[in-house]
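Full structure from sequences and hints, please.
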Amino acid sequence: MGLASLGDLAYLSLNPNGSEVSQGQPMGMLEAAKMTGELIAPVGGKIVDRNQVVLQDPYQVNREPYGAGWLAVLESESWNEDSKQLVTGQDVGTWSKGGTETLS
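Here the sequence shown is numbered in this note's numbering, starting from 30 and rising by one per residue.
The hints are simulated quantities; they were obtained by calculation from the structure and are not laboratory data. Hints should not be assumed to be uniformly reliable.
[Said to hold, decoys possible] Quick list of the computed label-pair ranges, beta carbon to beta carbon:
id: 1; residue 1: Ser107; residue 2: Asp37; range: 28 to 38 Å
id: 2; residue 1: Glu60; residue 2: Asn109; range: 30 to 40 Å
id: 3; residue 1: Pro45; residue 2: Ser107; range: 28 to 38 Å
id: 4; residue 1: Asp86; residue 2: Lys113; range: 17 to 27 Å
id: 5; residue 1: Met64; residue 2: Tyr95; range: 15 to 25 Å
id: 6; residue 1: Glu110; residue 2: Asp37; range: 27 to 37 Å
id: 7; residue 1: Thr123; residue 2: Lys75; range: 17 to 27 Å
Note that the structure is a prediction, hence the values are computed from the model and not measured. C-beta atoms are modelled at their ideal positions from N, C-alpha and C, and glycine is treated no differently.
Laid out in structure tokens, this is it:
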């Protein structure tokens, strides 16, 4: 959904393994055809693994966003609370319209 509006991903960096991140705070940077910006953590936690394939070939995220294009594994002690803030199901459409307006 988000990648379609940003275009092809050209560059991606992620905070190192072992880094603590907070929900809604930067966990890396991305550069796409139509935007450069921060990659925001969906939940708080510790980065325990990063996908080295996408760090070497960011376009892999465009090719397989729900498979081999995964970004990082976060170990979250605040999952129960943070996951309540995640957008799911039918709410995604409304949320994405707001996000698109923010980007323009």
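- Query: Is the hinted range of 17 to 27 Å satisfied by the C-beta distance from Thr123 to Lys75?
  - Reply: violated (31 Å)
- So the hint says 28 to 38 Å: do the beta-carbon atoms of Pro45 and Ser107 match that? This hint is violated: roughly 20 Å between Cβ atoms.
- C-beta pair Asp86, Lys113: status relative to the range 17 to 27 Å that was hinted: About 34 Å separates the Cβ atoms of Asp86 and Lys113, which means 17 to 27 Å is violated.
- Falls inside 30 to 40 Å, the C-beta gap from Glu60 to Asn109? Holds, since Glu60 and Asn109 (Cβ atoms, about 34 Å apart) stay within the stated range.
- Item | Range hint compliance [Cβ, Ser107 to Asp37, 28 to 38 Å] | holds (33 Å)
- Item | Range hint compliance [Cβ, Met64 to Tyr95, 15 to 25 Å] | holds (21 Å)
- Task: Given the range 27 to 37 Å, decide if the beta-carbon distance of Glu110 to Asp37 lies inside it.
- Result: At roughly 35 Å between Cβ atoms, Asp37 and Glu110 fall inside 27 to 37 Å, so the hint holds.
The structure fails hints 3, 4 and 7 (numbered hints given earlier, in ascending order).
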